[in-house]
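Using the hints, put the two standalone chains together into the complex.
For the protein sequence lines, the chains are L and D, in the order given.
Here the first sequence is numbered in our numbering, starting from 24 and rising by one per residue.
Here the second sequence is numbered in our numbering, starting from 3 and rising by one per residue.
Heads up, some of the hints might be wrong.
[Claimed, not checked] Reference listing, derived: stretches of chain D covered by chain L, where coverage requires no fewer than 3 residues with Cβ under 8 Å from a Cβ of chain L:
id : region
1  : 65-74
2  : 159-165
3  : 173-183
[Unchecked claim] Short derived list, chain L residues pointing at chain D, Cβ under 10 Å:
id : residue
4  : Val55
5  : Tyr91
6  : Tyr158
7  : Tyr273
Think of the hints as simulated: they come from the structure by calculation, not from any bench.
Heads up, the beta-carbon is just placed ideally off N, CA and C, and yes, glycines get one too.
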Amino acid sequence: MKTLPSHQLAYLYDNPGPLARRRAMVWSIVSVVVIACVAVAGLWQLDESEQLDSDRWTPLLSPDIAEYLFVGLRGTLVAAAVVAAFSLPLGVLLAVARTSHSALVRVPAIIFIELFRTVPVLLLIYVMLFALPTYGINPGVLWKLAIPLVLANSAAIAEIVRAGILSLPRGQTEAGLSLGMRRSQVVRSVVLPQSLRNVTPSLVSQLVSLLKDTSLGYVVAFTELLYRAQVLTSYNRLLIQTYVVVTLVYLIVNGSLSLLAARLRARTDAPVPLPALATTTSAVTPGALAPEGARHG
Amino acid sequence: MDALTHSGDLVAEALGTTLLIAAISALGALVIGVLVTVARISSVPVLRAIAFCYVQFFLNVPLLALLLLAVFALPDAGLIMPLSTTVIVTLALYEGAYVAEAVRSGVNTVASGEVEAARALGMRFGQVMRKIVVPQALRAVVQPLGNVMIALLMNTALAATVRVVELTSAANRINNVAAQPIVIYAAVGAAYMAMAMCLGLLAGRLEKRVAIVR
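Isolated chain D, as found in the complex (with noise of 0.2 Å):
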């Protein structure tokens, strides 16, 4: 534990490193999803075609990949951010198609007949989505969401791969100069389990408070 405590400032820093691109990239993966749910399900036949594509490709490339090529090869074409938001927008982009299948799974449960007196009532497509629709989806959904942001949380890691200084490359720095590796690694691992199982205790208490029960 000593080398843990030595180097507190920079398991604070890591941490607060890996929280703040959690937060940023979830909050832009949820608008994200819910903009490209409602796309897919619109009238217009290129939207739903380029929702589709969307969800299609960040499901079937790794994030690792995208990662790589966001950092070390677009600033080949100058397109040059700062790091930490370029991991954050292509974190966001990649789980905004899991956060997509969520919601469109959500989509599902929304009986039909609520939709018809929506459009009965004379409210229009995009009254529909913001009124009926996306709410009572994302309630049905909030578990599924949850572990989404969950997976979110673990893929933040990878930004230690691309030099990030967040909670897995901190504990690799600690490690060298300590070599403690056992002690380090499984305060860490502690440390994502602990924040996980926060967002899934969090996911449980806002399912039971938003759930609609049938």
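Extracted from the complex, chain L is given alone in its bound form (with noise of 0.2 Å):
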């Protein structure tokens, strides 16, 4: 969905008086005051638990580490672009074999998706683990993972593009259709281009799912970010500070990948469809809240 800017919620509330902007001060020392006393109580319960003493901090600074948890992050990474490269394809093969006129192309399609999107990821990757080695199929570490992943997230990705294609205008197929288009032709060179390039914010979204999915290597002993931060605690006993900086280290990533998202999205002219909002954006005048947000701002 378009992120609205905040201006445009500018039709919940008037230009605020006097009393208004009271009334938000007084709230905004409130939550500060509540939130302060929350952060001082948390704080506080560490420092009781000595869990903030320097000395059981500044190892995880020193170069040894870093570079040790550095090498989880390149293979995070690795594995991201692995299961990216595979199941952008794959997802989108599925978009348009899912909206093929043949059920023989259909209906395989659907099977494939929603049997991916409603089975947990854990459990294909305990069939990788413990099911396929007992009938002599053994790949790598880092498949055993890429595996499960490649196959829930092109499911999903199917479902973003699919969302892409049906909320297409149908006068672009039947106007390539009238210019003697085969149908492959029209799917590739007006469906496709379009679609993909309006549901292009929902696909890096969907890369940052996907990045997150990789910490699932913990499970499968692939060496990426949560995994080495599980076998260094298991050296260090520094439980906290190691997993506070691993979930900074995911934020800060997965972050800028949301911030590139958003910015997407803010370019795209086009509401941007997600796959279950389909007919709720279209039961909605696209842009009705643009003039009112355009009037008050």
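The structure is reproduced here in structure tokens:
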């Protein structure tokens, strides 16, 4: 969904008069005080259990440990790149197949998508770890992580792309056909370029979710950030400190991706459909809020 | 199928655990999500900032990292809760951010005239939210919320990594004894699919019922 800049929410409030300003101020102060209290209580609790002592934090700044975790981060990025490289094309293919006119193509795509959208990735990973080796299928540790993630993420990507395809005006396809293009040509040179561009922000958001999923490398013992963190804690016993640092690293990496998605989203003019929002967005006049926002802003 | 019927008790208990975790954290996530959305569109800049940070934090950090932090690390700071409670709280906080994203896109569909009319009638912010904005926003996003709930159900499987005996870890345990991996994992996978399908159908029905015809 398109992120409304805050001024477009202006219709929720009047231009604040003295009373409203005072009220907002009071609530600001109250919430700051509450947050401060919670933060102080948390820090006090951490301090009581000696978790804030500097000798529990400085080890994580040492070059050795930083490098150890950095190798983990590299593994995370490699896994994410591999999964993205396979699941993007597969997802687009599935989306096209699911919107196909031939049931022979459509039905398998529906089954694939619905299957891998509704089975936990962890279960797929357990299948890779415990079921397939008994049948002599034993891929490397990267693939034990990557294959389940590709299956799950291509299904998710297929739904995003399909929403993009469905939200395209039908006239686009009709125009292509009336020019004498074959259906495959219409899909390739009319439908896909436009719908992929429209859903790019959602695809970037899916990258964030995909990158988060690689933390399941923890389960298959693939060298990625969370797995390395876990190994590290079994040596240094600095659980809180290590996991806080790792959380921050994820926040920085994914935060920048999310920021990119938000930028892209703000740039596209048309409201971007979410998979299941296709019905709701089409029910509302596109941009119905924009004139209102413009009037107030 | 033998393996599953032999350990019927374990399967039933594990299924119950999965459903319990899913149901309670779903409820928690809905409440958190709505509150965060209201904070996000409030006229108090501090609340807006807090809500924004909350959503961004949970959208960008892997659930597994949070689970490990909550289950294994926080006890070091003297914060010890029962295992399943820890999982439920973490899951509710995490999915609350996704609910907030969904509900916010619903808020965008509420016509500005509604809010202006309510204000003209002299309603205060809390009343406008409670009686006008939130009910309509929720009705507009039944399907997306259904998808969030399906994702939540899938995410309960991660509880297996912190040694909660739910459906996924039960599958592992049974397989360790019976060594019939394909049957066992297929059956458990089918159980997840069935539950997800129920959620999907429920969302579809609910949407038909409450959708606002414009």
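Notebook entry, point to check: Does the CB of valine 55(L) sit less than 10 Å away from some CB of chain D?
Noted result: This hint holds: valine 55(L) lies near chain D, its Cβ roughly 6 Å from the closest one there, short of 10 Å.
Notebook entry, point to check: Holds or violated: is there a CB of chain D closer than 10 Å to the CB of tyrosine 91(L)?
Noted result: 17 Å, violated
Checklist line | Hint status (Cβ of tyrosine 158(L) to nearest Cβ of chain D, threshold 10 Å) | finding: 8 Å, holds
Check: Given as covered by chain L, does the region 65-74 of chain D meet the bar of three residues or more with CB within less than 8 Å?
Finding: holds (count 7)
Checklist line | Outcome, coverage hint (the region 173-183 of chain D, chain L; C-beta under 8 Å; three residues) | finding: holds (count 5)
Next item on the list: Between the region 159-165 of chain D and chain L, see if three or more residues pass the 8 Å beta-carbon test, and mark the coverage as holds or violated.
Entry: The restraint on the region 159-165 of chain D holds, since 4 of its residues have a Cβ under 8 Å from chain L and three suffice.
Note to self: Please check whether tyrosine 273(L) passes as an interface residue: C-beta within 10 Å of a C-beta belonging to chain D.
What the structure shows: At about 5 Å, which falls below the 10 Å cut-off, the nearest Cβ of chain D leaves the hint on tyrosine 273(L) intact, so it holds.
Hint compliance for this structure: hint 5 alone is broken.
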